[in-house]
Amino acid sequence: MSVAAIELIGVDKRFGTVHANRDIHLAIEKGTIHGIIGENGAGKSTLMSILYGFYQADSGEIRINGNATKISDPNAAIGMGIGMVHQHFMLVENFTVLENVMLGVEGAPLLKNGIAKARAELKRLEQEYELDVDPDALIEELPVGLQQRVEILKALYRGAEILVLDEPTGVLTPPEADHLFRILEQLRDQGKTIILITHKLREIMAATDNVSVMRQGSVVATRKTSETSVEELAELMVGRRVLLRVQKGEAQPGEVKLSVENLTVRDSRGVVMVDNASFNVRAGEIVGIAGVAGNGQSQLIETIAGIRAAVSGRVLLDGQLIDITGAADPGELRDRGLAHVPEDRHHMGLVLAFEEYENSILGYHDDPLYLKGPFLDIDAIKADARKKIEKYDIRPGDPNLKTANFSGGNQQKIVLAREIERDPGVLIIGQPTRGVDVGAIEFIHKRIIEMRDAGKAVLLVSVELDEIRSLSDRILVMFAGRIVGERDAEADEGELGCLMAGVEQLEAAQ
Amino acid sequence: MDSFVAILQLFDSTIRLSAPLLLACLAGLYSERAGIFDIGLEGKMLAGAFAAGAVATWYGSASLALIAAIAISVALGLVHGFASITHRGNQIVSGVAINFIAAGTTVILGQAWFHQGGRTPSLPNTARFNAINLPGAETLREVPIIGPIYFELISGHSILVYLAFLLVPFTWWVLYRTRFGLRLRAVGENPAAVDTAGISVPWLRYRAVICCGILCGIAGAYLATAQGAGFVKDMTAGKGYIALAALIFAKWRPVQAMYACLLFGFLDALGIRLQGQSLPLIGEVPVQLMQALPYILTIVLLAGFIGKAIPPKAGGVAYVKER
Chain A
1 MSVAAIELIG VDKRFGTVHA NRDIHLAIEK GTIHGIIGEN GAGKSTLMSI LYGFYQADSG
61 EIRINGNATK ISDPNAAIGM GIGMVHQHFM LVENFTVLEN VMLGVEGAPL LKNGIAKARA
121 ELKRLEQEYE LDVDPDALIE ELPVGLQQRV EILKALYRGA EILVLDEPTG VLTPPEADHL
181 FRILEQLRDQ GKTIILITHK LREIMAATDN VSVMRQGSVV ATRKTSETSV EELAELMVGR
241 RVLLRVQKGE AQPGEVKLSV ENLTVRDSRG VVMVDNASFN VRAGEIVGIA GVAGNGQSQL
301 IETIAGIRAA VSGRVLLDGQ LIDITGAADP GELRDRGLAH VPEDRHHMGL VLAFEEYENS
361 ILGYHDDPLY LKGPFLDIDA IKADARKKIE KYDIRPGDPN LKTANFSGGN QQKIVLAREI
421 ERDPGVLIIG QPTRGVDVGA IEFIHKRIIE MRDAGKAVLL VSVELDEIRS LSDRILVMFA
481 GRIVGERDAE ADEGELGCLM AGVEQLEAAQ
Chain B
511 MDSFVAILQL FDSTIRLSAP LLLACLAGLY SERAGIFDIG LEGKMLAGAF AAGAVATWYG
571 SASLALIAAI AISVALGLVH GFASITHRGN QIVSGVAINF IAAGTTVILG QAWFHQGGRT
631 PSLPNTARFN AINLPGAETL REVPIIGPIY FELISGHSIL VYLAFLLVPF TWWVLYRTRF
691 GLRLRAVGEN PAAVDTAGIS VPWLRYRAVI CCGILCGIAG AYLATAQGAG FVKDMTAGKG
751 YIALAALIFA KWRPVQAMYA CLLFGFLDAL GIRLQGQSLP LIGEVPVQLM QALPYILTIV
811 LLAGFIGKAI PPKAGGVAYV KER
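Protein sequences appear in the order of chains A and B.
The first sequence begins at 1 in this note's numbering and counts up one residue at a time.
The second sequence begins at 511 in this note's numbering and counts up one residue at a time.
So that you can see chain B by itself, here it is in the shape it has in the complex (with noise of 0.2 Å):
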């Protein structure tokens, strides 16, 4: 029963770690699958985490802090909009300056702020999004393999997690079932087959993009008043990138997504669990090994174990008219 528990607990935090991939991951497939690449998940991330670390220290409203980091992602995102869709800019480049805009910014406005080496004060709960109990959890929770299914696994969470988990059916609706979805997929492939159905192809590019920053400011959000109680310098540590791979492994398609980011969730939690353990046969296994693993696992499964993902065929490509 123990280690019934044990893999329980293993797979509960498996998903608390999902959660901040699967949200910045989506917000990719948002921006991708409208041919814009967006390197900056990263950034928009870190510096949500930071505005929400921010604004509820100050104001104490976790809701006010989620508004906050939607906010500044959703700005950041315009900026790349700004120079990868009206000055057709280079969208690496553009993602790159702001992953390092956000990552000095951060740190300098809270040290010049807050005066703790650029961390955000500890939050007290009160200003964090805590975990819910679902109704039911604690009578079920006798109840055999059910009810700590439900207690342990299920509930428990914060609302972010939720929501970032029906965020999936919901992106998938959107894609395949709305008018938007359809325009969006379309512009990603040949926006000048969208161009010359007469629909604007920069309007339907900025909101995919906007789309993409609410997204990663729920998942900044996520990061500093959720899984944390505040914001730490270089909290997302390259989870950004993760998902960006995450992305690529579902081949742009938002169910995949969620189960890449479950594996790269799982990866996390199973090397946090194992850490100064010992294992039979092996030995104890260096923490950086653990630490190491979804890289090493994201360039075994990019090197050939998920056949050929074919981006978005516009990705990457500003949109010129035609003369």
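Excised from the complex, chain A in its bound form (with noise of 0.2 Å):
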């Protein structure tokens, strides 16, 4: 084995009792891609920052390419050659593609001799590595996975030899992360070494040829990732056995409970976003809505669970009428026992500064088991977020924390808590396990399973093909606003994913 591009020897990290990054010993071999997989908070995202500069690892030692270096700041890991492609994206949207490329490394007072030559590099780097884009075309104009191709030359141009990728996927569709996928092999095979952080392990099996996998600040194994399989990584990173599968057993499909006809619903800009669609969900049966985020998915649920209006078309809930003019309650929706996990937990599922108990009865607050008179009863109130948290284990377990601090899957807990224990007739759920680690997932595929044994109807959407599959009875796919087509849960992978990218539609368009 060569020299190692990258060396960690004895990184350790605290913040305040926070322990972020334990002891880390990693050698990453030149011109490869190593993925590092992890539960969110496991250490991944700090020991990049070490890597870039933004932090200073309290001990040990970093190696680039054998020599000991000190990383003190972003410029520094630049001039050592190292790049970073971040999950929120470091781009000016409002600027063009050159711009971008050029901040911070403009050359001179005045732009005139940088714009020649980063357009003069840009073209280079496009015929080297195959990544056009035209470098006048705004930010903001570009798909995400163009957006992403911009941060790749923004590192390149800079001369990158060593990229890391923190999240890369977490913003594209199946086919945009397949082709970044090649990017990075085509790149590796140009002599780079590409660092590739995830916590999906499906991308790590994809596109690495090593994996290091970190829990809880260490890193716990390092495999080749050709002699090493999903359940042993799985097993590593939670740090016990995980179900990846969901069990279920065969629906009992009930009466119809949701009853969807011909609703037609527009955006605020008059787009059609749901066009003509029409379904039902019965008692016991969880109706999976499949399809490339922004279809209308997101429109859909939000128009039937009263928080968007409808152009025209009807909802029935248990045979009665839903008001869908915009001027529905979804509270009185809630009093019918429709319940609604929506999609964005973060801007709709929760009020982030309020403390965990306050958010454990949002929206059921008018209830008189929380009431006290015309007061809150906060007692009765942290009682009962006990319970929940007790029986989600929700960590950490204490109701007076603010909601802000919990990880991701932990406040996927705490709605799921809310809504699923007012025991509705129907679940709406949207993007149940968006940004949820692998532990968390499997406890929250099981307690959708539970709905609809329970005699539930539960109507879900996800972006995640797999998500839909394993949890599904029927499959909807939307496309461009409409139901182009149904499935039932063995449908083919293929199939489905040519129903989401709607070529039935271009090939009967023809």
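What the hints contain is simulated information worked out from the structure, not anything from laboratory work.
It is possible that some hints are incorrect.
[To be verified] Cut-off 25 Å, straight-line C-alpha distance, at most; resulting in silico cross-link-like pairs (DSS-like, lysine-lysine): (1) B:Lys831 / A:Lys402; (2) A:Lys446 / A:Lys200; (3) A:Lys446 / A:Lys248; (4) B:Lys761 / B:Lys818; (5) A:Lys70 / B:Lys831; (6) A:Lys402 / A:Lys391.
As the structure is a computational prediction, the values presented were derived from the model and not from experiment.
The task is to assemble the complex, starting from two chains supplied on their own in separate frames and drawing on the hints.
If you want it as structure tokens, here you go:
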């Protein structure tokens, strides 16, 4: 084995009482794609921030190409050929591609020469790595996949030999992710070293040569990707055996609980987001809606949940009409037994500045259970919150803690506990496991199956096709606002992918 | 011919009245483009005007007065920067505080030092920025059309007026043709992008705040030593806020800022011109209505006539490094 591109020796970092990185030893071979996998909070991002000079390690040594170095700030990291593609793009949205690439390495106080040089260099990189993107395009007008390409170009423009990608596929559709992996392979073949940080096992298996697993701040194992398996990695990540496939029996569908008829919804600009959608959800079944993000799934469930107005169509809950004119009161729908776990827990599901117990009754705060006369019965609410914390294993188990301080998975459990424990007849659930750890995913999936087995009607929306396939009893595919197909749970992944991409629509048009 | 001259004079006073607005508006542009909202333009201008009036009274020098105005305005800008950049305080609160401090302190110090009810003594012309007659103005004066335009409109302003209008192309050039400008625009949109590119966000923002202070100081000096002859209590009279409105109309762009300021200056000039005059059909226009015109226009335009004005995305938000 040649000299490692990066070697970390005994790197240790604490933030107050949190031991974010414990005595990390890690060697990353030059010219490989090295995956780092771990749950949220395992210390992956901290480790990479140390590598990029955002933080200083409390102790330990970093060697780049065998030389011990000190990385005091991002400039130093860039100088050593380390480039970072951040999870949230570090791009100026109303700048052109060229301006973004130049920012920080303009060359001289006047831009003129720098622009010419950057343009030439971009052209060269384009040809060398097939990373074509229009240098004069505005970032905000580019799709996310291309925006990410600009981030990669930024790093290469700065002469990066080692490229760190932090959760790069979080915002990408599956085809875009595959395309990214092809780009990474090409970069590797040209001799670059790539570090891929993710919590998705599928990506590790698909894209990496080696993989290191982090758990609670430590690197617990490093494997050759070809010599390990998804099951082993999952177990290493969580520290116990994990069931990756949901165990469930046959569905016992009963009467129709939720019925959607010819529903059409427009967004604020007047664009049709849901186009004449009709379907039923029966008691005791899970209906999954598959689709690439942005094809109307969000608008569909928001309309049913009473927080968005429809243009036309009807929605019936237990055979009774729901007001979908936008004047509906979501509170009234809750009283009628329709619970909604919104897709975006940060903006719609929780008030992050509230304490946990306050969020645990949000929307149900008018219930006499939680009231003492006109006032909130804080003791009763906290007692109720503690019960939910115990049942859903929400950590840390402190109802007085600010909600923002919980991890993504635990925040999601707070929302789920609130909605499921009301024992609704119909549960609408959007992106149940977005940004949630493997261990928590297993738990959440079990709860959803339990709801079904208890005879509830579940409408599930997720952009994770695997999740839709493993949970749903029936799958509806949405494309451009329309329900373009219905399949059963055994449907072929490729066939669903074609439906999601609107392939049949295109063929029909031709 | 009389009405031609009258119109020229109206435009002439438009230019005079626009100049301080334009300086303040460009000041705000530097600051807000870097993501620091500055409601304290008014206070900085007022403090600058007072400093200029006081120093001109003591030393009889307009240049020293200008330097003093810039110094005090930059100092107040740094206070705003210290509160909102270093300590991540609320930028609106900090700006309002500066306005209050300036409004109160200038009157108190003015009364204590000069005993004229908060104003500074009237300045002799030797201690002011006087009108400059551009070369050839007198000789060209008799040439029809061009002569009067050159003599009335273009020539005969103080150096600070010319400076204000020259700063428009200069600011455009800085913003779009220099490294500093690129970074300034970037830090107002996405400071994290600037930070990860290895550029110091606080230092960049402090420089923007200093630019803002310099321009507000010039605006203040203009009021006290060019347009007026000494400091008068509350002499900015809301110009800082009008400048902010102009900045929004202009969607934070320099050339458009000039047009917006000229429009406000014109309304102001028109208001003065029409005072006590009787118009056909309407009759005598109340002074108060004319004075209110710029504000009415602000509301009307902001209510939808200018389209959507999107402020710099990171404006008003302190930058905190992500953990």
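Quick rundown of the hints versus the structure:
| no. | hint | result |
| --- | --- | --- |
| 1 | B:Lys831 / A:Lys402 | 21 Å, holds |
| 2 | A:Lys446 / A:Lys200 | 19 Å, holds |
| 3 | A:Lys446 / A:Lys248 | 9 Å, holds |
| 4 | B:Lys761 / B:Lys818 | 9 Å, holds |
| 5 | A:Lys70 / B:Lys831 | 20 Å, holds |
| 6 | A:Lys402 / A:Lys391 | 20 Å, holds |
In summary, the structure agrees with every hint in the numbered list given earlier.
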